[in-house]
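Take a look at the letters that make up each chain.
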Amino acid sequence: MEAGTAEVVRSKTVSVTVNGTTYEREVDARRLLIHFLRDDLDLTGSHVGCDTGNCGACSVILDGTLIKSCMMLAVQADGATIETVEGLAEGEELTELQKSFSAHHALQCGYCTPGMLMSATALLRSNAHPTEAEIRKAIQGNICRCTGYVNIVEAIKSVGETS
Amino acid sequence: MTETVAPPQPKVVEPGQPQKGWAGQNVPRKEDKRLVQGEGVFFDDIKRHEMGYVHFVRSPYAHARIKSVDVSKALDVPGVYGTLTGDEVAILTDPFFELSVPPGAHMKDYALAVGKARFAGEPVAAVVASSRELARDASELVEVEYEPLEPLVDARVAQEGDAPILHDEAGSNVVWDGTFDWGDYDAAAAEADHVVKIKELHFDRFSSTPLECSGCLIEYNKGTGQWTMYCNHQMPGVGAIWMAPALRVGLDKLRFVTQDIGGAFGNKICLHPYFVACCLLARKLNRAVQWTEWRTDQHTANAHGNERWFQDIEVPVKADGTMLGFKVRATDDCGAFPRYEPLGCIIWAQVTPGCYRWRNIRVDFTQVTTNKSPVSPNRGYSRMQHLWLTERIIDIVASELGLDPVEVRKRNYVKHDEFPYETPNGCIYDSGDYARCLDIALELIDYPSIEQKRRDAESRGRLLGVGIGSTLDSGTNNFGQSMILNPDLQFSGNNEVATVKLDIFGEIVVTLGTVPQGQGHETTASQVVADILGCSPDDINVRPGHDSYWNSHAGFSGTYASQFAVTGLGAVKGAADMLAGEMKKLASVVLGCSADDIELAEGQARMKANPEAALPFMALGAILNANNAGLPEDLGVTLNCRYVYRPPFEKPDLERKYGNLTLTYATQIHAAVVEVDPDTGVYEIVDYAAVDDCGKRIHPQIVEGQVHGATAQALGAATHETFPYDADGNLLTPNFYDYHVPHALDMPPMKNGFIESESPFTPLGAKGMGEGGGAGIHAICAALQDALRARGKPVVTDSCNPYHRVWALLQEPEASRAGVEVVSR
Amino acid sequence: MLLREVEYARPASVRDAVRLLSEHDGARALAGGQTLINVMKSRAASPDVLVDLQDLAELKAIDLAADGTLTVGSMVTYTELVESVEARARPILGDVCATIADVQVRNRGTIGGNVCSNDPTNHLPPLMVALGATMTIVGTDGERDVPAEDFFIGVYMTAAGAGELVTKIVIPAGKGDGFAAVTIGKDGTCIVSAAASLDGGAPRIAIGCVDAVPVRVEVSSTAADAVREAVRAANLDPPGDVHASSGYRRHLAEVLAARAVEQAEQRRN
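Residue numbers (this note's numbering), protein chains in the order written: chain A, 1 to 163; chain B, 1 to 825; chain C, 1 to 269.
Heads up, some of the hints might be wrong.
Unchecked claim - Capping the alpha-carbon separation at 30 Å, the derived lysine-lysine pairs in DSSO-like fashion look like this:
hint, chain 1, residue 1, chain 2, residue 2
1, A, Lys99, B, Lys751
2, C, Lys60, A, Lys12
3, A, Lys137, C, Lys175
4, A, Lys157, B, Lys73
5, B, Lys47, B, Lys30
6, B, Lys751, A, Lys137
7, A, Lys99, B, Lys73
8, A, Lys12, B, Lys751
9, A, Lys157, B, Lys33
10, B, Lys751, C, Lys175
The hints are simulated quantities; they were obtained by calculation from the structure and are not laboratory data.
Given these sequences and hints, build the entire structure.
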C-alpha cells in the first residue's frame, strides 16, 4: 500500500478489545458490529430488537461513547475498546446499577435490559446525580415494551441519589 | 355453568395490611441476576456446529397467484445448503387444522404459501445458508413468478359480491359468523326513554411488538425422528397440536425448549407455520437450522392484534341514565389466515356487558379474512376491542344526553355487593368494587381541580380533557367456549401442571408447564412453595423456562390469557402440598410418629411437640432417593410430585351460547388528563392514574410492573401505534421507524392505586391480571373527546388517535357527529 | 440487518478520501452511518464501496471566528455541537441537535451526514437554509462553496456529487433563530419542521418535510398572520403519508413557520 492511500477491502482482520479481552477476527466489511459481537465473539448479552436503529437493545460503549452497535460496521470498530453488559459486574459483584434494576423491578423479560444498562451506565458516568428529566432523555433511545419505563427511571434515579 | 353454588363473599385486603408468609412480599426476582449480566439465554443466543441460517423469500404482493418458483440460482451459490418451496410443503405436510366451522374450516393454511400468496410478506420459499447474510443474498436469487390479484383490505366490504375471495376452497371471506342474543333487546328498546345510535366505531390494528422477535433453532434427530426446538413459542401445548398432525408425526416427536423469552404478549402463539418450515429443512438437510425474525418481518408477517369494526350500535337508555344494554354488528378482520381464530369471535363474550349491569345485549358477529397480516391473541385479546366499545358507548351516550361520565358509570357499574355477579350470558364476575377503584383513580388525578385546570389550559391556548377507562381482565379461560363456535371441537376447561421434587441433597426443584416471558414465574412459584414447605424462596430451584421433556405440561400449558396466578400457581400449590404430605409421611416413618405430628419449618421436618426431633430436608431426600432399604413396602412416597390444576368449569350451553367462560375478573380503572394544541392536533398526556384490583397479590412489585407495562402498551396503541395498509395491501408502518412505540420521554408520569378483592374461586385468592384490558386506550379516547367538546363536540370513533386524526376531528367535527343520533320518546 | 456485500476503505486524509470516492463507481462516504447503514440494512441502497471518514481529524473541528462566523467540520457529531462552547455562538444549532433522535444517534450522527443524506424529515436541511449556511465541497477538481439554498437538490440528493465530499459548513453569526416541528412522539422524526432566522434583514424561513428539499418562504413581516399568509401563498403541495395528509402538512407548515418566527423574535431580543 502506497503511503497515505487506503486500500479497499471486502473483508479484514480486526482487533477489538471487549470487556478487557482483545479479539482478532477476520470479518466481512458488511457485517454489523452487533452481529460480530453476538455471532463471531459469542457475546450474546447485547441484543437485537429492531432493524432501523430505533430500539437500543444493542447499545454498547465504544471508546467511552454510548452507541448502537447495529449502526456501525465491525470493520469500523478495528482498534476500538468496547464495553458490553457482560463486562459491567466485577466477577460476582453486580454494579450498584444492576442491583438497583433488580431491587426496583426495572426489568421483566430482560431483553432490553443490557442496552438499557449501558445507556444508564454512560449517563451516570457523565452525570452522577441525574434528574428524572435527564434520565428519561438519556434512555430515550432504548425501547422497553414491558415496564413502561416507570421502574427503570426509579432504579437509575435511586443510584444517583445514593452515590 | 348454569348452576352455581354461591361462594362466600370475597375478602378485601386493605392496602398496608400486614401479610403473613412469602406470598404477598416483594422478594428479589430469581430471574434478575442472569438478565442484568447479559447471561440470559434467548433462542438467538444458541448455536450449533455447522448450523444453517434460514431466510424466507416473501411475497411482495398482498394477493397473487404463484405461477412458478425457481430456486436453482440460489442453490448454485457456494455456502447455500438448501431450499424449501410451497410445492414441497404441500407434499410433505397436511394443512394446519382449523378451529372454525365452514366456511373457515375449508381455508387451507400451510407452512409456506401454496398456490397463492395472501398477504405482503407471506413466506413463499426458504433458503438455508452458512451465514445470515448469505442466506439473504441467495433468497434474492429465488425467482418467483406471480400473477397479481386484486387485494381485499377493507373488512367491511369482504362479503360484497365483487369482493376478491382469498380462499377459493372456502368460497367466502367469512371465517365464522353468528348471533349472540341475551336478555330481550327489543323489549329494552321499547322500555327506553332514549335510544342512542352510533353508526360506526373502529378498533385499529396494532401489536404489542415484543422487543425480541420470533425465532428458533431446530435440530432433527434422524435416529429417533424427533425435533428439538430451542425457541420462544409461548404456548407449546397448542403449538404441538397444530404442528404434529401437519408434520404427520406424534406429539412427542416435537420437543419445545425455552429459557428466556424477550416478551411475547400473544404474538408468539402462532409461530407454527415458520417452525414447520424449519422442521422440514432440518430434516431435509440433516442439519441444525436457525431462523431469526427481524423487526420488519415481525410487523409485516407474524401477527397483529384483531382489527374490529362496530356498526349500527344502538343503546337504550332510561331518563335517569340507566342503560339497558346495546346491540351492535361487529366485523372482525383476522387477516389472511384464521390460525388461532375464530376464537376471538367468542373470547369477547367473557366480558359481554363490560363493567356494567346491562342485561339486554344482541351482537351480530362476523369474522372475515383480508389480504393483511394474520392476527394472534395480542395482550387484551378480543376483550380489549369489546371493552373499548363498552367505554365508547358510555362516553358517547353521556355526551349526547348531557350525563356526567363519572355518575353514569357509577349508576351502571355492577355494584360491590352484587358479586359474584352473573352476566346475561352466564359468566360469573367473581369479585370487585369498580366504584371504589374509580374513586381512587379520580382522587389520584385530583378530579375536583379539573375545571380549574381546564381554565388554566385555556389561558395557555390548550384544550384540556379528562377521560376514564373501566375495564376487566378476564383470566383463566374455559376452553369450552370454543364449542360455542364449533360444537365438534373437543376442547373444554383448562389445566396447568407443575412438579415439585425433593432431591438427594435436599434440593427442592420446581418445574413449570408455563412459558414465562418476563412475568417472574420462577420467583412467584418459589414464594408459594416456600410457604408450604416451610423454607425460604432461596432454597427453591425453579427451572427457568419450559421443556416438553420435563413432562410438566398439559394440553393448555403456556403463558397466555392472564392465568398464571391461578392455573400456574394453582398447579405449583397442588404439587407442593403433595410433596409436603409425602415429606411428613416419610418423616413420621423415620421418627416413629404419626404424619399429623410432623410440621415442616426452617428447612426441616420435625415433631411439633418436640422440635429437637427433626430431619433436615437433605436427610429426607437422601433416605428416599439413595438409602431406602427397609422402608415400608406400602410407603407410597416418591418425593417427586406432579399436580395438574384444573379450574372448576362446566361445558357451556351451546344453544344459548351461555356459561361461565373465565374464572377470574381483575379490574382496571384508569383516568387520564390530556392537553390538546388546537392549532396542530398535537396532544400530551399530562396526568394519569391506573388503579388495579387483581385480588391477592403474590408479589406486589410484579403486579405493579404488569400494570405499568399494560398501561404503556395501551397508551402507545391510543396515540401512535397502528398498522394501516394502503389500497394495494402494503403495510405502512412496517418497523419501528414508522411504527412509533412509546419511549421514556413519551410516557406520562403514572400514578398507581390498588385494592385487593380476593377471588373466592382460586387456590390463592389471586386473579390473572397481566393483560390489563386496554384501559389506557379507552381513557385517552374519552379524554380527547372531552377536550375537543368545546370545538363542535366531535365524536372519537377510532381507537388510535395520532395527531392527524385529532386535527381532522378539530377541522370537521360534524363529520364524526353525523354518525350519532339520539331518538327520544 | 444483513447488508449486501460491500467494500470498505478507511482513508487518513481528505485527499485520499476524495481519491477513493472518485476512483470507485458506486462509492459513498460513510460519516456517522446513522442513516446510511439503516438504508443498507433494508437493502434500499447498496453502495459498492464505503469510504469511512472517521479518521479525518480535519473534518472534526469547530471554529469560531472573531466576527462570529462558525465553521463546523462535516464530521462533527450532534453531541459535539450540543456540548461545544464555540457552537453556543449560534445557540439554535445545539438546541436543535439536542432534539435529534436519541443519545446514541447523537453520539455518532454528524452534521455533514445529516445534510448530505437530505432526508426530507431531517432537522438540519431547513435549519441550514434559514441560517444562510454555506457548504464547502471538495472534489478532485478542488474546492467550492455552495449556499445551503442551492445545496439541497432532491430527496437524498445534494450538490455534492459522485466523487465529492462535504468538508465543512460555514454558518454566519446570529442569534435571532427559531425552530418548530411536529414530530412522531417527543423528539421523534419530523412530520413538518420550520426554521426561521431574523438576522440579516427580512425573516428567512425554511420549511421541511413538505417537499423534496427545504422550501424557502419570503415574508417581510414577523407578524404571525403575515407569516401564515406567506406560507399559504407558497402554494405548498406536500406529500401525504401515514403520519399526515397533504392538507395537514400544509396547515402545519403555516402554524410552525409562525412559531419558528415567534421563537426567533424572542431569541433575538
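Hints, verified against the model:
Taking the CA atoms of Lys99(A) and Lys751(B), the gap is near 24 Å; set against the 30 Å cutoff, the hint holds. A hinted pair counts as satisfied when its Cα atoms are at most 30 Å apart, and Lys60(C) with Lys12(A) qualifies at roughly 26 Å. Of the pairs offered as hints, the one joining Lys137(A) and Lys175(C) holds, with about 25 Å between alpha carbons and a cut-off of 30 Å not exceeded. The suggested pairing of Lys157(A) with Lys73(B) is violated, with an alpha-carbon distance near 56 Å, which exceeds 30 Å.
At most 30 Å may separate the alpha-carbon atoms for a hinted pair to count; Lys47(B) and Lys30(B) meet this at roughly 25 Å. In summary, the hint linking Lys751(B) to Lys137(A) is supported, as the alpha carbons are separated by about 20 Å, within the 30 Å threshold. For the proposed pair Lys99(A) and Lys73(B), the alpha carbon gap of about 53 Å is over 30 Å, so the pair is violated. Between Lys12(A) and Lys751(B), the direct Cα distance comes to roughly 53 Å. Violation of the 30 Å bound is thereby established for this hinted pair.
For the given pair, Lys157(A) sits about 20 Å from Lys33(B) by alpha-carbon distance, which is consistent with the 30 Å threshold. For the hint pairing Lys751(B) with Lys175(C), the CA-to-CA distance comes to about 41 Å; that exceeds 30 Å, so the pair is violated.
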